[in-house]
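Enquirer: Each chain is listed here by its residues.
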Amino acid sequence: MWEIFKFELQYRMKRPATYIYFGIMFLMAFLAITTDVIQVGGGAGQVKENAPTTIAFFLIILSVIPGLLLVSAVMGVPILRDFEHKTASMLFTSPITKYQYLGGRFLGSMAITIFIFLGLFLGLAIGYLMPWLDQEKLLPYNLGHMIQPFLIFVIPNIFIMGCLFFSSGALSRKLLVVYVQGIFLFIIYAAAEEVMGDWENQDLGALLDPFGINTNSHLTRYWTVAEQNAQTTSFSGLVLWNRLLWMGIAFLSLAFTFWKFDFNLVGNASRKQKKKALTAVDTNSIERATTVKIPTVQQFSGLGTQVRQTLDLSIFYFKWIVNQIPFLAITLGGVAYTIIVFFFGLGGGMYDVDVYPTTYRVLNILTTFDIFFFIITVLYAGELIWKERDVKINLIYDALPYPNYVSLVGKFLSMVYMFILLLSVIGLVGITAQTLMGFTEYELGVYARSLFIDDLSNWVLFAFLGFFIHTMVNHKFLGHALMVVFFISTLVITQLGFEHNMFRFASGNLGRYSDMNGFGHYFQPFTWFSSYWFGLGLALFALVLFFSVRGAESSMAMRWKLGKLRLNRSLITFGLGALTLFGFSGCYIYYNTNIVNKYQNSDDSKADQAAYEKTLKKYMDSPLLKIVGTKVAVDVYPETRDFEARGTYVLKNKTSQPIQKIYLQRNVDSEVKDEVRFNVPTTISESWDNFKFYIYELENPVAAGDSIEMDFVTKFHTDGFVEGGSNTEILQNGTFFNNTYFPTFGYQSGNELNSDDDRKDNDLPVKDRMRPRDHPIGVTENLLGGTADRIRFEITISTSPEQIAIAPGYIQREWEENGRKYYHYKMDEPILNFYSIVSAEYEVIKDTWSNGKQDVNLEIYYHKGHEYNLERMMRSMKKSLDYFTKNFSPYQYRQLRIMEFPRYRSFAQSFSNTVPFSEEIGFMLDVGEDDVDIPFYVTAHEIAHQWWAHQVTEAGVQGNAMSSETMSQYSALMVMKQELKPEIIQKFLKLELDRYLRGRATESKKEQPLDHVEGQGYIHYRKGSLLMYALQDYISEDSVNLALRRIINDWAYKEDRYITSDVYLEEFRKVTPDSLQYIIADLFETITLFENRATEATYEKVGDKYQVNLDISAIKYRADSLGNENKIAINDWVDIGVYGQDEAGEDKLIYLQKHKINQETMNFKIEVDELPIKAGIDPINKLIDRNPDDNRKRLTLKEDS
Amino acid sequence: MQLNIQNLSKTYPNGVQALKNVTLEIPIGMFGLLGPNGAGKSTLMRTIATLQEPDEGTITLGDINVLTQKEEVRKILGYLPQEFGVYPRIGAETLLDHLAVLKGITNRGERKEVVKALLEKTNLYQHRKKNLGGYSGGMKQRFGIAQALLANPKLIIVDEPTAGLDPAERNRFLNLLSEIGENTIVILSTHIVEDVKELCTNMAVINQGQVLLTGTPTQALERISGKIWRKQVAKNEVETYKATYNVISERRSAGKPVIHVLSDGQPSDGFVQIQPDLEDVYFSEIFGKRVVTVGSLQ
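Going line by line, the protein sequences match chains A and B.
Just so we're aligned, residue 1 is where the first sequence starts under the numbering used here, counting upward by one.
Just so we're aligned, residue 1 is where the second sequence starts under the numbering used here, counting upward by one.
Rather than coming from a laboratory, the hints here were simulated on the basis of the structure.
Among the clues, some could well be false.
[Said to hold, decoys possible] Not the full set, but computed from the structure, chain B residues with beta-carbon under 8 Å of chain A:
1) 104
2) 108
3) 152
[Said to hold, decoys possible] Using 25 Å as the maximum straight-line C-alpha spacing, the simulated SDA-like pairs for lysine to any residue come out as follows:
4) A:977 - A:907
5) A:293 - B:13
6) B:140 - A:850
7) A:564 - B:107
8) A:476 - B:90
9) A:661 - A:691
10) B:129 - A:290
11) A:293 - B:57
12) B:130 - A:390
13) A:293 - B:58
14) A:392 - B:129
15) B:140 - A:907
16) A:886 - A:921
17) A:564 - B:167
18) A:561 - A:574
19) B:130 - A:574
20) B:112 - A:1154
21) B:116 - A:294
22) B:130 - A:691
23) B:154 - A:907
24) A:14 - B:58
Glycine is no exception: its CB is placed at the ideal position from the N, C-alpha and C atoms.
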């Protein structure tokens, strides 16, 4: 064995490939760490670039992504090689045993693989020492942080992959089988990830991942920034089990190979017997052989023949591909994987609620097949180019009298057929899935366009590329590798600033499909980008025709020589034609994206943002005239995606000093052209055209309390198409935009760069995301900025006759004129300077709500076919109005409208008495019995904003979202609590907790306590729900509502000062008993977490009652903004609960009381009437607890001893 | 029609000079190209078969410039490479039919007929549906011959066609070739002298890239007529003889070495003059001009 081992080592050490692989590993690691060219994630915000979590993630990913390829290249081939080089029979007759042979080869290859992966380790270890790295982003150098994950993840991964590849290579002796196995490993990994998407199966997914990627990310998902900077995953628990499981599987496969491997024969005894059978001589046929005359045949060679030959070849190759085991295996694997995704993927919507399997949604899930498509394309482009040479029949083919293109086009066509077949298969999978889920509104047109236009063209382009690369490099493995490298490099060039879609191969796509807007305006750019890339693809194909290997020689010089012979008129015409198409389309695209429209890569636009801040920030707090009235007429032209607005602002000096200057900010979008005119004499004293920022000097200053008027015209004109991120607000059907298109006033701090990295890159000091809570100017401006407080509002919208146009306000008049529909809306009370303009083809349902004191018209404008959840939304509107008018204050309007808009954007937004609501988030959910009713919840949340934002308006300072968003979450939660089952509320809270804990793990700056939240959704929504639920649980819902009523009473419609979070804390304190005062600080002013656990739980029967004996441990932590946690003394009231069982066998609370917890471990004895099943501390997770699942424990019957 | 090869030279990138200034005229009929392994036969054949480029020289076939008008050549070419594989999971009939289409036989009826005839001719008809992967070496070789004969080629190049055939198969195959060779150029490369002896009207001996001899087999025999001597020697004397005489071959007869020596007169006692056969021509061309130390020829 030692000899074989040594031979393998020596053989490998002599091969350049070994060092190339080592070099690849080293460079990948080194470059990823020391440059921005390769990015493997990690290191965002406050997490350091060499944080142990980052390193572990990095090592695991690299051990798989290039690792899979390299391990298969080394471990898959040692046995195979002996067969290929025909040394097998020599070796097998030498006096070594099977075990020595296999063992030696295995260990030798394994040693080499480990050597190669040491390149990864060294690249990392050396990379972090490089002096040009930003030291601020580094922790002190720690070799242990690299060794630990290398040992528990990388080495086992090598072993796992190595054993499996070695086994499949040795047993099958086909490299393709090794590849296919690699693909299946990948499928298992992806399936594990998919399983984890379902939050109840996360542990299972973590266990099943063959590479430990999901295992690691699952275990670190709640790690705070500080923990990510300090901890490594320990080799215990799930990691240990995962590693043991897969190493066990790997070991078994190896053992199986050792047992099964046939050392005596060359492995095909059966085939040999068959040969003997076939060689039996038949004298009759010999007789015939001598007498038969070979007939004379006609030979054709014209174009018709060539077409015939091409088609014949294409079918021949197509049949070959589809009969290939690897092809079938990959396809079946892909289909299986897609089905898994169907099972788990549709549930991945908000709060785990299923989404109706509409065609676009199904197509979206079907894109999971793309990776298999890519693999098949890469693999079979190579296989086809190499096909004749692989079976050594090439010389026969090459001497046949067909022109070169016949064979290559035939091969190419066979791939196209194969694509069509695969696309049909996955289309059928989709339709079947829809059918099985009982959804039968198949949109075949959408399937056809998405699969057979968008996807097909994409893969055809990749086939061009594959043919080209394989022809040029003329080395199969290298060709495959280059395809993968190319794929990665398309990502890299984006990093280098080449973001334009003209640099991204096969970048044409049909965009997002929306039921409302169909494929919308995406078809035109798609067509141009496709013809651009097809031009290139065809040009590459011309090169393939020129350079393809035909005959016995394949050196580049020889191919060049032969190519010149092939260079006839048609090839030249073809090549030039392709280049012309490429060039012409390219010019047309460039003309549209960069000349007619504006294009900027992200670095440039960040630089612009920085320049805006540097130049204009000095005007930030300059006194402004405020808009107090807006009257505007908007003509929307959906067909051409244009609009034209003419309006008038009334501008009032609300300060006590005269104002001489107007700081005008016009819209910077390239589609917008606007002009303004004041009704008083002005001159422009300073202007920045690039920022559309202008300072007007008033001839006569506006005195305190006086007003002037400004007329404006804003024309939005869609011209041609843009590079990416096309406007999704002004659409053919489903236009929804707001007044940010119109001129505004003052420095717009919303334009500033936020991330620390971006600011440093642009030489700006790091800043807080928002102004401090007590900022004297900040508190006088609302969240929309200093442009206005409340405005009188009147709007007329016209649109095409089949659409309905809606804006905040009550309809005054509705008429038709010049073939267009007009709608005139007016508000009878001032509203915030924030209004939406919506136009679409709508169906509408109407209802009314009344509480005896006021009547409200309820309307939902929706897309035909989206009726599923209208009833839920309508009910939510009513229940919300019930609860809010009863507990907070009257509703300030007489109507409430919900309008659906296309799914390019997925949110709902509350404007005065109107709520645009995305197609994506409520209309198409399939809410089950046990699901959180998302349409109900979102509707309630948005309606709550009519109070929390539109009545009580928050200042534009830290902590402001606690007022609008957290209170809306609370309000919605209270409505839900009345309407939905308690289990669903618990599920909702549990998911909120999960999202909060995940959110803080990815915090890029600093975690704030809720009362200082800076637009951090995971805090003001997710944690907000939890805290407010806990608050009302502690001090009662009525007390909370009392405080909120007082706040409304004091703060509603206030204009000179806007509410800040301290007001809430003060009011909450007032309604909180002394014994619980501590919770206000715990909940809102600090980051407080608990680690509660039921450690021991038994019960015994005492008479006809049961005595539960519960041991608990409870730890209370305070965390800083980075997540450094410190234990603090506990002296809290916490729930202790006992569960019994109801008739249905479900858990049911039979005891729930708050107990004082003042020690880390405590014991409780509780007497209950029913048979207890489980008991625990904080059993329904009202507190923030990172391990919420260990709070309850199953009771055991106490044994008397 | 005649195939003219003028001053053909070829050196591979690794420095091996495969062809050195080869000039040959190959008329209609069977032409035997005789030479040991590695002599340059296959290079020459592949070059004629449009699959390889010479560094220098020209090849014409009638009016066709073989090196540039490749497609014209391919239309009338039948080629059997020395080594080739087949698609393992396809039947002989299917593959032959497929190749026939590519040869331009697009008339379905004709194609069917010719495929059938060729399969019968090569005695594969009964196995026509079986996967080629299950064929023995000889069957595979016969399939190779069948495909080379598709579309009545005017130029047939068969590279070592008899390798792997059993004696009966070989006979049948050679008969087939000679039948066709009556009005076609058939170039047959081989290192088996028998093949040439039985069939060829013309022949050439080639070694280390050079043509050593051309002509008809009779002419070739004449050149060494009366110069070949045979002697049975003791095993331990072989080396001495080799050092002293122009030993062109050594083989065993009843366990004892028998040597052939090329010499104008009787080399010494015990040598018997023999009637040379083509094999002696071949060996004397290859080994007769210099002192040979090792006589391993097989």
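Enquirer: Compare the structure with each hint and give your call.
Expert: Going down the list of hints, with the structure as the test:
Because the smallest distance between the Cβ of residue 104 (chain B) and any Cβ of chain A comes to about 4 Å, under 8 Å, the interface hint for this residue holds. Given hint, residue 108 (chain B) at the interface with chain A, is violated; its Cβ is 11 Å from that chain's nearest Cβ, farther than 8 Å. Against a cut-off of 8 Å between C-beta atoms, the interface hint on residue 152 (chain B) holds, since the closest Cβ of chain A lies about 6 Å away. About 23 Å separates the Cα atoms of residue 977 (chain A) and residue 907 (chain A), which keeps this hinted pair within 25 Å; it holds.
With a CA separation close to 45 Å, the supplied pair residue 293 (chain A) and residue 13 (chain B) exceeds the 25 Å bound. Between residue 140 (chain B) and residue 850 (chain A), the direct Cα distance comes to roughly 91 Å. Violation of the 25 Å bound is thereby established for this hinted pair. Using a Cα cut-off of 25 Å, the hinted pair residue 564 (chain A) and residue 107 (chain B) is violated, with the two alpha carbons roughly 33 Å apart. The straight-line distance between the Cα atoms of residue 476 (chain A) and residue 90 (chain B) is roughly 24 Å, inside the 25 Å bound, and the hint therefore holds.
A hinted pair counts as satisfied when its Cα atoms are at most 25 Å apart, and residue 661 (chain A) with residue 691 (chain A) qualifies at roughly 18 Å. Under the criterion of a C-alpha separation no larger than 25 Å, the hint pairing residue 129 (chain B) with residue 290 (chain A) is consistent with the structure, at around 21 Å. As the CA atoms of residue 293 (chain A) and residue 57 (chain B) are separated by approximately 38 Å, the hinted pair breaks the 25 Å bound. Of the pairs offered as hints, the one joining residue 130 (chain B) and residue 390 (chain A) holds, with about 21 Å between alpha carbons and a cut-off of 25 Å not exceeded.
For the proposed pair residue 293 (chain A) and residue 58 (chain B), the alpha carbon gap of about 36 Å is over 25 Å, so the pair is violated. Distance check on the hinted pair: residue 392 (chain A) and residue 129 (chain B) sit about 21 Å apart at the alpha-carbon level, within 25 Å; holds. The straight-line distance between the Cα atoms of residue 140 (chain B) and residue 907 (chain A) is roughly 69 Å, outside the 25 Å bound, and the hint therefore fails. Distance check on the hinted pair: residue 886 (chain A) and residue 921 (chain A) sit about 28 Å apart at the alpha-carbon level, beyond 25 Å; violated.
With a C-alpha separation of about 46 Å, the suggested pair residue 564 (chain A) and residue 167 (chain B) falls outside the 25 Å cut-off, and the hint is violated. Taken as a hint, the residue 561 (chain A) and residue 574 (chain A) pair is honoured in the structure, with Cα atoms around 20 Å apart against an allowance of 25 Å. With a CA separation close to 42 Å, the supplied pair residue 130 (chain B) and residue 574 (chain A) exceeds the 25 Å bound. Restraint check for residue 112 (chain B) and residue 1154 (chain A): not satisfied, since their Cα atoms lie roughly 92 Å apart, outside the 25 Å limit.
Under the criterion of a C-alpha separation no larger than 25 Å, the hint pairing residue 116 (chain B) with residue 294 (chain A) is consistent with the structure, at around 9 Å. Between residue 130 (chain B) and residue 691 (chain A), the direct Cα distance comes to roughly 77 Å. Violation of the 25 Å bound is thereby established for this hinted pair. With a C-alpha separation of about 77 Å, the suggested pairing of residue 154 (chain B) with residue 907 (chain A) is violated against the 25 Å cut-off. This hinted pair does not check out: residue 14 (chain A) and residue 58 (chain B) have alpha carbons roughly 42 Å apart, beyond 25 Å.
Hint compliance for this structure: hints 2, 5, 6, 7, 11, 13, 15, 16, 17, 19, 20, 22, 23, 24 are not met, and every other hint is.
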